[in-house]
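S.K.: So you can see what is in the structure, the chains are spelled out below.
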Amino acid sequence: MTLAAGRWRAVLAAATAACVGGGAPSPVLACGYENPDAVALGSLNWAYPDALHVHTAVWQAEDAGILPPRVQPSPAGPLAFYRAAATMTRFGARLADARAPGTELAISVVLIPQVMWTRYQIGPEGTHTTTHADGPAAGDLVVVTGEKVMRAILDGRLNGAEAERLGLLRLYGRDGQSAAARAVIMRAGSQDRVAAGASGTTDF
Amino acid sequence: MIFRTLAVSFAGVLVSGPVFAQVTTDAGTIDPAKIERFFNQPGYSPYAGHNYPMRPLWGEIHLHTSWSGDAIAGGTRVGPDDALRYAEGHEITSSTGQQVRLSRPYDYMMVADHSDALGVMSGVLAGESALMADPQLKKWNQGMNAGGAEASKVMIEIITAQGEGKLPKPMTDNDTQFDMWRKMTEIVESHNDPGRFTALIGYEWTSNFGGGNNLHRNVVYRDGKSFADQVRPMTTFDSEQPRDLWDWMQGYEDKTGGKVLAVPHNGNLSNGLMFSTETPDGHPIDQKWVETRARWEPLYEITQGKGTSEQHPSLAPADEFANFEIWDKGNLNVKPKKPGDLNYEYAREALKRGLKLEQEFGTNPFKFGFVGSTDAHTGVSSTEENNFWGKFPNSEPSPERSTGNAFDFEGRTIKDWQLGASGLTAVWAGENSRASIWDAMKRKEVYATTGTRMFVRFFGGWDFAAEDALRRDPAAVGYGKGVPMGSDLPPVPDGAKAPSFLVAALKDPLSGNLDRIQIVKGWLDAKGEMQEHVYDVVWAGDRKPGADGKVPLVGSTVDLPNATWTNTIGAPELIAVWHDPDFDPALKAFYYARVIEIPTPRWTAYDAAYFKETFAPEVPMEVTERAYASPIWYTPGG
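Protein chains in written order, with our numbering: chain A, 246 to 449; chain B, 491 to 1128.
Extracted from the complex, chain A is given alone in its bound form (with noise of 0.2 Å):
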């Protein structure tokens, strides 16, 4: 179930006009991908603490040459957009593979800097992926990275405990939850190319 109250994107904006004092940062209406005007991207850290680190590790590793270098500008709009919900579809067809039997587990990963939600739900069936979700549900484990980071894992030139350890990845859930992830990431990272929605659907 997603959050009652709405879009986590609203929340966000909703949590901006409701601060006290002046000159708050801009709230989020949109993704980044969308409108990189309107990203909030400070309001992750009251929810996440130290979500933003992630920020910081990852440009620090693309100047370190562990990610690719950026590009300027900076991708927005639809193709950016459509580059990011590929890499998350793709991630998800990975998960379905990679879950173990039995496994049920429900992971929200944001990319960051733009904000973009994807929310995958792992289950006996397989895996259901919904990119540019509103945001995660309650009870899921959420994940902060990069969609660079996202790239290097499917590539294979990245795995998960790795980019955890560099910072460039981070988990908020209960201890079970996160070992579960961390696992099933792992595996997801570790694969051979899989036909994508071989298990899995998606939503846009």
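Keep in mind that the hints were calculated from the coordinates and are not lab data.
Using N, Cα and C, we set each Cβ at its ideal position, and we do this for glycine too.
Mixed in with the good hints, there may be bad ones.
Some, not all, of what chain A presents toward chain B, calculated at C-beta under 8 Å [to be verified]:
no. : residue
1   : TRP291
2   : ARG315
3   : PRO358
4   : ALA383
Got chain A; can you put chain B on it based on the hints?
M.R.: Just chain B now, kept in the frame of chain A:
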């Protein structure tokens, strides 16, 4: 030995009273008059016995931490304790996980979190006992600390409760705010180390009167925790009217015997309200208002991260340095200005208008000195161009801040690049203590800089002479023959033709050389009209003033691709004595010094080089750092 004994004895006599008599001892007869002359001679140390400040103390009085509601919602994780540790020179981790440190420690710091809901959100997160007694807040604390969806659920619940006016009582309760205030003062107190580092107690009263019209004030305490804890800080839940804040200040002093002052800021975002001749609710100001404002607000924050409010270029077209870090699109919510608003937002206009109001009311409500501070909401006070940490965590260093938004209100945006790495306040205090710093602020013996740490002396008098500028001890001659920044000129002595000013500046060792020193004069002419003129007083090199009287620009050595510069132009120090060539003893006037550095790379240039990012063509990549010394006023017959 005998002589030494006698000398000490006579010294005591001389100090204790003027009754002298010849004294005959086995060493002979001693003439007290000769001894008096002997003891009036300066000692070997030129500094022994002096009673004026010898070095400016550096710091700021406007830093927000995670105890401000908007800061924590914007991602700030640095609280007041870490913010003060950082100010003392320690390395800390910023909210984006980066190590950060000042190039040099500050001498003092005031954390000025919003008094509205002070520390409540961080308190819920941290599980403050005063808040955890409420079951709803206890539940929220658990949810926030669970992270993930639980935390976001809490956020929704808080917002819903606020929208429905059903926030748990402790969140809006005066007692809660007061409890958090006492915790704040406890933290601040633990960092206060007189002689080494002064942690001032203070808060920001955040009036956005009418919706985003910035009437904010920072309240600065002279006192320690035992005084500050006696009275709950004023909030805008109490009132959004400045006059009510002044009443609160009076009440505080009456109750505690302590002392406070208030510092307005960001007139540039007030949409004409900050220095209006009407109250925010539209009534003409009156005698009481004028006197009360003059009583409580001796300073104005002339520069900070959200722009510099010295003077708007459209109001001073002849001032080639006025167009500096200007934010003039609207108020705090970027709501556009009305025609004429600019006239009531900038310091120089207010200083001039103050002369006019003094003529009408007998008191000048805008007789203020200058301070600079950051208003950063990151817990990280940063004003160095190569070490700039933005306004909120989303504007901490990252490749995205070349294009990111600092603010977005319904599509009306301010870009990150428009943020300024400014400002600081230098205080000419005799010692590094709360009382000494506050007293210097009260007497306006302070100056603002846009982040650089240049030394500036500025004295006014009636008999400074050209040779005074050749001395190596400008303070000695300055205090000896005149009054320092923030003062009133003494009455015109017989025979004096015009006031003279001794102004000296020494570069920041880590920043650019000095281009020039200017004196800005404002006055009321014979018709009572406000006038101003900017005089180039002393400058580096052999440049000659043009036909318009202006000294040509100094040039630039900035190497943008490498974000560096050389001090091959400009001068490391400048000093001059200046006489007002246009003085009319019948006209009220003020004078302040503005010291301009040579161009150096702006923080945007450092970002471009570090992140290898390209900024848009309209983004300024150089900056001419500057200092604003508090004015000296002249009043006919004064």
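S.K.: Hints first: check each against the structure and report whether it holds.
M.R.: Quick rundown of the hints versus the structure:
no., hint, in the structure
1, TRP291, "holds (6 Å)"
2, ARG315, "holds (6 Å)"
3, PRO358, "holds (6 Å)"
4, ALA383, "holds (5 Å)"
In summary, this structure violates none of the numbered hints.
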